[in-house]
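Novice: Position chain B against the provided structure of chain A, taking the given hints into account.
Protein chains in written order, with numbering that gives the first Met the number 0: chain A, 0 to 526; chain B, 0 to 526.
Check each hint, because a few of them may be wrong.
Pairs of lysine-lysine residues, derived as DSS-like cross-links and limited to a Cα-Cα distance of at most 25 Å, are as follows [what the hints assert, rightly or not]: (1) A:303 x A:337; (2) B:181 x A:337; (3) B:469 x B:181; (4) A:420 x A:486; (5) B:303 x A:282; (6) A:486 x A:424; (7) B:181 x A:303; (8) B:337 x A:282.
If you are wondering where the hints come from, they were derived from the structure by calculation, not from laboratory data.
There are 2 protein chains.
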Amino acid sequence: MLGGMQDWALRVTHLIDHAAREHGRQEIVTRWGDGSVTRTDWAGVARDARKLAQAFVAMGLEPGDRVATLAMNHDRHFTAWYGAIGMGGVIHTLNIRLFDEQLIYIVNHAEDRVLLYDAQFQPVVDRLRPHLTSVEHYISFDQPGGYDALIAARDGDYVWHMGDERDPCMLCYTSGTTGHPKGVLYEHRSTLLHAMAEVSPSVFDLSPETVMLPIVPMFHAASWGLPFAGAAAGVKFVFSVTNDAPVLHRLMVDEGVTHSAGVPTVWLAMFQHLDATGEELGKLRLVTIGGSAAPRAMVERLMKMGVRVGHAWGMTETSPIGTMGAPPAGWDELSFEKQVDVVCKQGRVPFGVELRVVDEDGGVLPRDGASSGRLQIRGPWVIKRYFKADEDATEDGDWFDTGDVALIHPDGTMQITDRAKDVIKSGGEWISSVELENAAVGCKGVAEAAAIGVPHPKWDERPILLIVRKADAQVCPDALRSELSAKVAKWWLPDEILFVDSLPHTGTGKLLKTALREEYRDYRLPI
Amino acid sequence: MLGGMQDWALRVTHLIDHAAREHGRQEIVTRWGDGSVTRTDWAGVARDARKLAQAFVAMGLEPGDRVATLAMNHDRHFTAWYGAIGMGGVIHTLNIRLFDEQLIYIVNHAEDRVLLYDAQFQPVVDRLRPHLTSVEHYISFDQPGGYDALIAARDGDYVWHMGDERDPCMLCYTSGTTGHPKGVLYEHRSTLLHAMAEVSPSVFDLSPETVMLPIVPMFHAASWGLPFAGAAAGVKFVFSVTNDAPVLHRLMVDEGVTHSAGVPTVWLAMFQHLDATGEELGKLRLVTIGGSAAPRAMVERLMKMGVRVGHAWGMTETSPIGTMGAPPAGWDELSFEKQVDVVCKQGRVPFGVELRVVDEDGGVLPRDGASSGRLQIRGPWVIKRYFKADEDATEDGDWFDTGDVALIHPDGTMQITDRAKDVIKSGGEWISSVELENAAVGCKGVAEAAAIGVPHPKWDERPILLIVRKADAQVCPDALRSELSAKVAKWWLPDEILFVDSLPHTGTGKLLKTALREEYRDYRLPI
Numbered sequence: 000m001l002g003g004m005q006d007w008a009l010r011v012t013h014l015i016d017h018a019a020r021e022h023g024r025q026e027i028v029t030r031w032g033d034g035s036v037t038r039t040d041w042a043g044v045a046r047d048a049r050k051l052a053q054a055f056v057a058m059g060l061e062p063g064d065r066v067a068t069l070a071m072n073h074d075r076h077f078t079a080w081y082g083a084i085g086m087g088g089v090i091h092t093l094n095i096r097l098f099d100e101q102l103i104y105i106v107n108h109a110e111d112r113v114l115l116y117d118a119q120f121q122p123v124v125d126r127l128r129p130h131l132t133s134v135e136h137y138i139s140f141d142q143p144g145g146y147d148a149l150i151a152a153r154d155g156d157y158v159w160h161m162g163d164e165r166d167p168c169m170l171c172y173t174s175g176t177t178g179h180p181k182g183v184l185y186e187h188r189s190t191l192l193h194a195m196a197e198v199s200p201s202v203f204d205l206s207p208e209t210v211m212l213p214i215v216p217m218f219h220a221a222s223w224g225l226p227f228a229g230a231a232a233g234v235k236f237v238f239s240v241t242n243d244a245p246v247l248h249r250l251m252v253d254e255g256v257t258h259s260a261g262v263p264t265v266w267l268a269m270f271q272h273l274d275a276t277g278e279e280l281g282k283l284r285l286v287t288i289g290g291s292a293a294p295r296a297m298v299e300r301l302m303k304m305g306v307r308v309g310h311a312w313g314m315t316e317t318s319p320i321g322t323m324g325a326p327p328a329g330w331d332e333l334s335f336e337k338q339v340d341v342v343c344k345q346g347r348v349p350f351g352v353e354l355r356v357v358d359e360d361g362g363v364l365p366r367d368g369a370s371s372g373r374l375q376i377r378g379p380w381v382i383k384r385y386f387k388a389d390e391d392a393t394e395d396g397d398w399f400d401t402g403d404v405a406l407i408h409p410d411g412t413m414q415i416t417d418r419a420k421d422v423i424k425s426g427g428e429w430i431s432s433v434e435l436e437n438a439a440v441g442c443k444g445v446a447e448a449a450a451i452g453v454p455h456p457k458w459d460e461r462p463i464l465l466i467v468r469k470a471d472a473q474v475c476p477d478a479l480r481s482e483l484s485a486k487v488a489k490w491w492l493p494d495e496i497l498f499v500d501s502l503p504h505t506g507t508g509k510l511l512k513t514a515l516r517e518e519y520r521d522y523r524l525p526i
Numbered sequence: 000m001l002g003g004m005q006d007w008a009l010r011v012t013h014l015i016d017h018a019a020r021e022h023g024r025q026e027i028v029t030r031w032g033d034g035s036v037t038r039t040d041w042a043g044v045a046r047d048a049r050k051l052a053q054a055f056v057a058m059g060l061e062p063g064d065r066v067a068t069l070a071m072n073h074d075r076h077f078t079a080w081y082g083a084i085g086m087g088g089v090i091h092t093l094n095i096r097l098f099d100e101q102l103i104y105i106v107n108h109a110e111d112r113v114l115l116y117d118a119q120f121q122p123v124v125d126r127l128r129p130h131l132t133s134v135e136h137y138i139s140f141d142q143p144g145g146y147d148a149l150i151a152a153r154d155g156d157y158v159w160h161m162g163d164e165r166d167p168c169m170l171c172y173t174s175g176t177t178g179h180p181k182g183v184l185y186e187h188r189s190t191l192l193h194a195m196a197e198v199s200p201s202v203f204d205l206s207p208e209t210v211m212l213p214i215v216p217m218f219h220a221a222s223w224g225l226p227f228a229g230a231a232a233g234v235k236f237v238f239s240v241t242n243d244a245p246v247l248h249r250l251m252v253d254e255g256v257t258h259s260a261g262v263p264t265v266w267l268a269m270f271q272h273l274d275a276t277g278e279e280l281g282k283l284r285l286v287t288i289g290g291s292a293a294p295r296a297m298v299e300r301l302m303k304m305g306v307r308v309g310h311a312w313g314m315t316e317t318s319p320i321g322t323m324g325a326p327p328a329g330w331d332e333l334s335f336e337k338q339v340d341v342v343c344k345q346g347r348v349p350f351g352v353e354l355r356v357v358d359e360d361g362g363v364l365p366r367d368g369a370s371s372g373r374l375q376i377r378g379p380w381v382i383k384r385y386f387k388a389d390e391d392a393t394e395d396g397d398w399f400d401t402g403d404v405a406l407i408h409p410d411g412t413m414q415i416t417d418r419a420k421d422v423i424k425s426g427g428e429w430i431s432s433v434e435l436e437n438a439a440v441g442c443k444g445v446a447e448a449a450a451i452g453v454p455h456p457k458w459d460e461r462p463i464l465l466i467v468r469k470a471d472a473q474v475c476p477d478a479l480r481s482e483l484s485a486k487v488a489k490w491w492l493p494d495e496i497l498f499v500d501s502l503p504h505t506g507t508g509k510l511l512k513t514a515l516r517e518e519y520r521d522y523r524l525p526i
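Isolated chain A, as found in the complex (with noise of 0.2 Å):
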C-alpha cells in the first residue's frame, strides 16, 4: 500500500528555486581582491544559473559531464555551482593550493570537459592545459571574452534539467597526503539532506536573518555545504576573494555578518588584527570552527566577545558534516569553564549520521568517554564508494572508517583524539599527539606545535615535540615542560623539544606530519 503524498524528487534545483522565489532579494555580496564590492541576490544568481546552463548546453555538455572549477569565493563561483549542476552537470572544485602534478591527475581521471578559473589562475592554468586530456572548454570568470560574455550572450529561458534524486551533483577529492587523491561523488539526493539538517539551530543555525561570511573556501569540502544550506535558509551571503583578517574584518562590520565558519589559522589572524586595531567582531554571533581541532585559548576569546561557538568535524566523505558542537540541555546553568569544555570536544551527529568507534579487531568500543578507538560514520550524506573506484570504501553495514581515533562520550558528545597515523604508539599504549599539540599551543610563548613518535629501543616510539616561538616570546624547554607536566600525564611529556621557525603544512593548512615524520625518522632520543 503506498501513501498518498506528492512525488518530489530530491533535486539540488529545489534549492536555487526556493532561494530565488522566497529570497530572491537577499544579497550575495562579493568583495574581490581589487578591493571593490559587487552585489547580486538570490533572483540574479538564479537567472544567471539559467544563461550558464544554456550556455553549457550550447557547448554539447551532457547530463552527468564534468565541470571544474578553479577559484575563490565569490558570486561567479557560486552561479557557477548552481549553472552546472542545474543543467544535469556535476560541478568539480579543484583546490587551488594543490601541486600541479596532483591538479593534472585530479582533472583527467575526473574528465571535466569545462574548467572555469579566476585570471589570477592563468599561470596554473596555462602549466596545467598540455597536459589535460579532456578539458574542451577553458573560460575565466573575471576576463574579457569570459564568463561575462558567456552570460550575455544568454536568454535565461531555460528549464532545469530533472533526472533521478540519485543522480551526482558534485565531486570533491580528497587532498590525500600519500597516494593519489580520491574522488568523492555528491548526489542530488544526499545534497539535499545534508542542506536540511545543517540549516538546523543544532548545526549552522540558518535563517533569512543570517548573513553567512564563508571563509572556508568553496574549492574544500563543498565550503562545508553552506551553499546549499544557505539556499534553503535564504541567507545573506557575503563572499571574499581575499582571506587577510583586516579585509574579512571590514567585510563584517559592513555588511552585519553574524555567521562565518573557517578553520582556526583564519581566527587566529583575526585576534591579532583585533589586538592591533581595538576593534569588535559586530554582529558575529556564530562562528564555525572545523578542519582541525580549535585551540582552547581560540574558544575561550570567542566566547567572552558574545560569539557562540560550533565545532564541526567531518570530511570530504562526510558532504562533510559529521559532528557539530551545538549548547546541549541544561547549558546555561553551566558554569564558563564547562561550557568551554562541552564546546572543545566535537559536538553531536545531526538526525542522519550515525558514529561508532572500534577498537583494533573491529569490536564496537562503549560509548563511555573513555574507551578510545577508529571514528566510523553511515548515514545519507555518507561515501559509499570512491568515483570509480572497484569495490566500497565501507564495511559492514556501511560503516565508513574515518581514519580519526576518537571516543564517544554517553550523551553522543565525539572528542577526536587523533588522527589514526599519527597517535604516538608508547609502550602498547596510545598517546595522542593532537592533546599533546594543544596542551603545548596553551604554554606561553607557543604559536604552533607538532608532535610525532619517534623510535625508541624500550618503548618503540616516544613523542617529540616541535615547537614554533611566537614573535619576540623567550621560551626554553625545560619551562616548557614544566608547564606542560601540569597538563598532561607524565608518561606523555615529550622526551625532546625542540624549536623550529616553521612547520610544514598541506595545502589545506593542516599540519604535514608525514613530512615530520619522514625528516624525523632517523632521530636518536639521547637515552
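Specialist: Relative to chain A, chain B alone:
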C-alpha cells in the same frame, strides 16, 4: 551515472533511533488528569515502542495495518505512534471531539484493526463498539490488563520493520464541516522530510535546549508534526492530558518549558489566568499559534512579554506545515508595530513547499500583496490523493487547492484573507469574514465574533456580526460600529450586530460557520 553516497531509506524509525541513541536521557514528561506527573525519556520511549511493536506482531498485525488511538497527549500515546509505525503499521489518530457517527464512519473506512484508548473515553468506545466492523483488539492505555500488560509481556528484542520509504506511516482524517471525513495517508518519506524542515530556526526552532509543551492535541493534524520533529532535534517533551490554563501554566514553570504550540483560544485562557494570578510565563520564548488566525492583541501581548510568536498556517492535507511566521531579514530594525504586522500575517513557506494564488478561472495571480485568490500548495508533504479515493486531490502540476483565500506579498509572506466558502460576496466584491472578525475581537468588551453573509436584495450578500461579550462587559451596537469604522472599509461595516451567548465550534475548535449560515439563512436585514 550514479553518485557515490550511501543508501538510507527515509523511514520514521530513524527518528526514534536517533533520539534514543543521541538524546536518550532527555525527558518525556506527562502530567495526567489526576495531577500526577510521570517521567520517561527517549530511551524509554524507544524501548517500550519496540515492546509494543512485538505485541502488535503477536496479535497478527501486518505491515500497512492501521492502529487507531482515541487519546489525549501523554507518553503512552506518544510511544504507541512509534510502536505502530516501527512494526510497519499505520498510526491512526481519532479526533475525540467528533460525533459518534463520524467516528464510526472513520474507523470502518480506515479498517482499523486495533483501537487504543484512554479510560476516560470508555463510554465512547462502548457506544461505538457494536458498530465497528474491523477492530479486533480494544486496548486501554490506563486500565489494568491494557497497555501496561502488553508492554510487560515483551522483552523489546525487536528490529524495526524495514520497507519502502513511500510506505504509509500515519492516517489522519480531516474534520470537515460537510460531507464524510477524508483520510490523509502520510508516508515515511513525507513525514521525515516534514520533520527535518520543522527543526529549522524559521519553523519550530528545535534543539536539545528546547523544552516543548505541545498543547495542540496528538489527535489533531499529527500534533503539527511535533512528535516527529522533536525526535530529530532531541527535545525534552512535556505532555498534559488536560488543557486548563492553571495546569498548563504550572507545568511551564515547573518543567522550564521554552516552546509551546496551540490554537488561539489556549492563549486567551492563559491570559485570563495570568491576569487573575499575576504570574509570568517562565522560560517560554517561542509560541506557535495555528489552527485559526491569532488576533493582533494576542500577538502583541505575547511579544511584549518577550515571547516570539510563530504564526503558522497549514492543514491536515499538508502534514500540516504550509507556512510559518519567523523573523525576516532586517527584523531588528523594525519598530514593534511593524514586527507585529509581520507576525499577524501567516509567514513564509519552509524549504520544500510552494504556494500560489489563483483567480476564479485558475489564472495565477501576482505576488503583489494585493491580489487575493484561492490558495494552492504543492510539495513533498502535501497530499496527492485521499485514502481510498478514486482520483487525485490535486490539479495540474500537483497543485492542491486549500479552500483558503489568500494573498502573497512580494517577499513571499502569505496572508490568509478568508476561507473560500466563508467569503462574503457583496456587490461583486469580496468581504473577508476573518478580517471583520479580527477587527471586532480587537474592540472593547468583545470576547468572540463571527461574521457571516446573509441574503440582500441589492448587494446579493451583506455581512452581519454575531458577538459574544466578555463577562460583565457593556457593549452596544453603535459603540462597536463606531470602533469598527476606524478599522475596516466603510462598505465592510456589518448591516446588523447581534449579541449572542455563545457561538458554535467544530470538533477542533474552529467557528462552525456552516451552522451559523444555516441558522441565519432566512435572516431578514432591516432595509
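Novice: So, for every hint listed, does it hold in this structure?
Specialist: Each hint tested on the structure:
1. A:303 x A:337: It holds: about 14 Å lies between the C-alpha atoms, which stays within 25 Å.
2. B:181 x A:337: violated (53 Å)
3. B:469 x B:181: Outside the cut-off at roughly 36 Å; violated.
4. A:420 x A:486: holds (23 Å)
5. B:303 x A:282: Given pair residue 303 (chain B), residue 282 (chain A) holds - Cα atoms ~24 Å apart, limit 25 Å.
6. A:486 x A:424: holds (19 Å)
7. B:181 x A:303: Violated, because 56 Å separates the two Cα atoms, which is more than 25 Å.
8. B:337 x A:282: holds (22 Å)
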